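Colleague: As you go down the protein sequences, you meet chains A and B in turn. With full-length UniProt numbering as the guide, the letters of the first sequence map in order to residues 1 to 244. With full-length UniProt numbering as the guide, the letters of the second sequence map in order to residues 1 to 244.
Don't take every hint at face value.
Identical copies go unnamed one by one, so any copy, or any two together, can satisfy a pair.
Unchecked claim - Cross-link-like lysine to aspartate or glutamate pairs, in silico, DMTMM-like; alpha carbons within 25 Å at most:
#1 186 x 19
#2 98 x 182
#3 110 x 166
#4 238 x 206
#5 110 x 182
#6 213 x 230
#7 238 x 54
#8 205 x 15
#9 238 x 96
The hints are simulated quantities; they were obtained by calculation from the structure and are not laboratory data. Predicted model only: the values in this text are computed from it and were never measured.
Number of protein chains: 2
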Amino acid sequence: MRPKIVLFGDSITEESFREGGWGAALANHFTRTADVVLRGYSGYNTRWALRAIERVLGAEGVGGGEGVVAVTVFFGANDAAVHDRASAFQHVPLDEYKLNLRSIVSFVNKRWPEVVIILITPPPIDVEGRLRYVIIYYLFQTSGLPERTNEAAGAYAKACISVAGECGLPVIDLWSRIQQLDDWEKSCLRDGLHFTCIGNDVLFKEVVDTLRKESVSLETLPVDLPLCSEMYPNDPLKAFESQI
Amino acid sequence: MRPKIVLFGDSITEESFREGGWGAALANHFTRTADVVLRGYSGYNTRWALRAIERVLGAEGVGGGEGVVAVTVFFGANDAAVHDRASAFQHVPLDEYKLNLRSIVSFVNKRWPEVVIILITPPPIDVEGRLRYVIIYYLFQTSGLPERTNEAAGAYAKACISVAGECGLPVIDLWSRIQQLDDWEKSCLRDGLHFTCIGNDVLFKEVVDTLRKESVSLETLPVDLPLCSEMYPNDPLKAFESQI
Chain A
1 MRPKIVLFGD SITEESFREG GWGAALANHF TRTADVVLRG YSGYNTRWAL RAIERVLGAE
61 GVGGGEGVVA VTVFFGANDA AVHDRASAFQ HVPLDEYKLN LRSIVSFVNK RWPEVVIILI
121 TPPPIDVEGR LRYVIIYYLF QTSGLPERTN EAAGAYAKAC ISVAGECGLP VIDLWSRIQQ
181 LDDWEKSCLR DGLHFTCIGN DVLFKEVVDT LRKESVSLET LPVDLPLCSE MYPNDPLKAF
241 ESQI
Chain B
1 MRPKIVLFGD SITEESFREG GWGAALANHF TRTADVVLRG YSGYNTRWAL RAIERVLGAE
61 GVGGGEGVVA VTVFFGANDA AVHDRASAFQ HVPLDEYKLN LRSIVSFVNK RWPEVVIILI
121 TPPPIDVEGR LRYVIIYYLF QTSGLPERTN EAAGAYAKAC ISVAGECGLP VIDLWSRIQQ
181 LDDWEKSCLR DGLHFTCIGN DVLFKEVVDT LRKESVSLET LPVDLPLCSE MYPNDPLKAF
241 ESQI
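Only chain A is shown next, with the shape it has when bound in the complex (with noise of 0.2 Å):
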């Protein structure tokens, strides 16, 4: 059975078979090698998704959960959200945010002892940026104060980079990483916090470096039928002997 990588986040998860998304360059860069399985649920915290966990990765979750290799746990932008702001229905108070983020850690655990389980910290906010969307978009529910701020994605960002060092998992601090880039803010960001095909990029980067330093990668997958590159020109069908 072909390995499973299992995506499990919020909205920035749940578009990333978008256009130049990173969900669906894992797809592709992992064609015939493991199957990337999308479950992004828009808008949602950790609070929501500790409360979905069975149903999204329980016995009837991602195909009956045969052959999965690794999953990305990629919450936080949601559970920062200001709480008396415009988006306070999605607010998670930090500690409880780490408190769901290792109960969620410890259910993959559970259902998948030999998993590789990647922790990817919120983005970082561009509050220009969100503002404008949000003025655009949402204009009468917003009181003009931004419902997301670069300090408070910071700090769930350090908290996650706190959890998986608790739990001695991978992270991947991508409120930091994207900050390295010139321009970020526009660069990386479309509308202050979901990303462009370059914010894309530098997930998808990140997510293959780090699955790499976990064995899981193009060099130790099993490649799933013989490559053409591989067939007899004069018995094409030899090539198959060996592997079905």
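Mind docking chain B on chain A? Use the hints.
Modeller: Same frame as chain A, but now just chain B:
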């Protein structure tokens, strides 16, 4: 369990999760409603596909095979390779192509009696674009004569449509559909055979439309877990009560 849509085909399927690819666009379209499972095998013809079908779609295939609601069968571009030129080893005679397609359909029908099977004809060939590509990449393998022709692709497309008719299956006549577009040789094909973003988009829309006619659509498939827009701001977890 989330329904699965399986894409079974050759390189045009295998590379369908590249940027702008029709497979990734399908996965994005069906996000939260269906998993799109990629089973593309570059260079494969129907003879090789049939040799491998038990492994690809059998008991161990597509994650155990539960929940499969639709399968696209998209072969012919390699079968139609000219029998005595550079890609001769991929060639399958027209009559055998038809027999093989019938056998593939029969296998899928037995495996999942209720499944929607969509046949897709090979795309048209732009010989000039193909020769340019072949000369650049396979300089030493080529006689200067095209390894594929549009006439041959057309004959295989016609055969595919005829098999669909016999089996009572929906078919996407991609060979004709693409040639209706202005400057299709360059706008839809990047190397005389494989798709540009525009070509990918044509196929994506055809697949969505065909699935809809077969009652596989965003209107008929349930959404996995409550949408963020369905959450009560004062009690978001309430939305889970009816679903979990």
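Colleague: Evaluate each hint against the coordinates.
Modeller: Status of each hint after checking the structure:
no.	hint	in the structure
1	186 x 19	both (18 Å within a copy, 21 Å between copies)
2	98 x 182	neither (31 Å within a copy, 56 Å between copies)
3	110 x 166	within (17 Å within a copy, 50 Å between copies)
4	238 x 206	neither (39 Å within a copy, 36 Å between copies)
5	110 x 182	neither (41 Å within a copy, 56 Å between copies)
6	213 x 230	neither (28 Å within a copy, 40 Å between copies)
7	238 x 54	between (45 Å within a copy, 17 Å between copies)
8	205 x 15	both (17 Å within a copy, 19 Å between copies)
9	238 x 96	between (58 Å within a copy, 19 Å between copies)
Comparing the model with each earlier hint shows violations of hints 2, 4, 5, 6; every other hint is respected.
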